[in-house]
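Residue-level listing of the chains:
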Amino acid sequence: DSGVTQTPKHLITATGQRVTLRCSPRSGDLSVYWYQQSLDQGLQFLIHYYNGEERAKGNILERFSAQQFPDLHSELNLSSLELGDSALYFCASSARTSGANNEQFFGPGTRLTVL
Amino acid sequence: AQKITQTQPGMFVQEKEAVTLDCTYDTSDPSYGLFWYKQPSSGEMIFLIYQGSYDQQNATEGRYSLNFQKARKSANLVISASQLGDSAMYFCAMREGPDNYGQNFVFGPGTRLSVLP
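Quick note, the sequences are listed as chains X and A, same order. According to our numbering, the first sequence holds residues 1 to 115 in order. According to our numbering, the second sequence holds residues 1 to 117 in order.
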């Protein structure tokens, strides 16, 4: 158990809908990262937050947005869902934003299925 | 262009033998970090080992070691004395970006390792 929690574990929805994925980092970790893992695209970095502030953006679509709240939990919002958004969404946390060995601890993931 | 290349989609190794999983990377950033993660069939991502671009020595963590050849831009993972529980997908990843700000991570396509009894 990495200490990172993600809810829900599974989510099934329809095209055009909007969903919110939630992540609670390990106690004390200030950095949260979101990733998308799909069969055709592999593991893609989406976005990085540190202590409530967006720090880096990867391959995140404009239909997707994220935020990190004062209690450090984070939410990833996916809107106007398409079939291709079906994937496993991981959240990871780390203790800091910088430093050489910035090991990330991954949550169990949320499996999103868009029908 | 792919920033992380893992040329072996799948590999087999006999239990108790050593195996090397290949990873090459591409970056112009002088400061970067290289990571290996393991993803068993259960789906979770497990951190294995880290190598910094300025580290002089190859990283080691128990049965895992990283063969870092900076000039060749390769960071191969060596697993010694393979165990059945090592059967999993293995991802090589690179952290780019200024070390004191946001961090962009890039993952390779992964190598599926199967350990044979």
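Be aware that one or more of the hints could be misleading.
Unchecked claim - Only pairs whose alpha carbons sit at most 25 Å apart, straight line, appear in this in silico DMTMM-like list of lysine to aspartate or glutamate:
| # | chain 1 | residue 1 | chain 2 | residue 2 |
| --- | --- | --- | --- | --- |
| 1 | A | 73 | A | 15 |
| 2 | A | 70 | X | 103 |
| 3 | X | 9 | A | 26 |
| 4 | A | 3 | X | 1 |
| 5 | A | 3 | A | 96 |
| 6 | A | 73 | A | 96 |
| 7 | A | 3 | X | 71 |
| 8 | X | 57 | A | 44 |
To be clear, the hints were calculated from the coordinates, so they are not data collected in a lab. Just so you know, these numbers come straight off a predicted model, no measurement behind them.
Okay, the hints, checked on the actual structure:
1. 73/A - 15/A: Violated, at roughly 29 Å.
2. 70/A - 103/X: With Cα atoms ~21 Å apart, residue 70/A and residue 103/X stay inside 25 Å; holds.
3. 9/X - 26/A: Distance ~34 Å between residue 9/X and residue 26/A Cα, so the pair is violated.
4. 3/A - 1/X: Violated, at about 30 Å.
5. 3/A - 96/A: Holds - the C-alpha atoms of residue 96/A and residue 3/A are around 10 Å apart, at most 25 Å.
6. 73/A - 96/A: holds, 14 Å
7. 3/A - 71/X: Status violated; Cα separation ~34 Å.
8. 57/X - 44/A: holds, 23 Å
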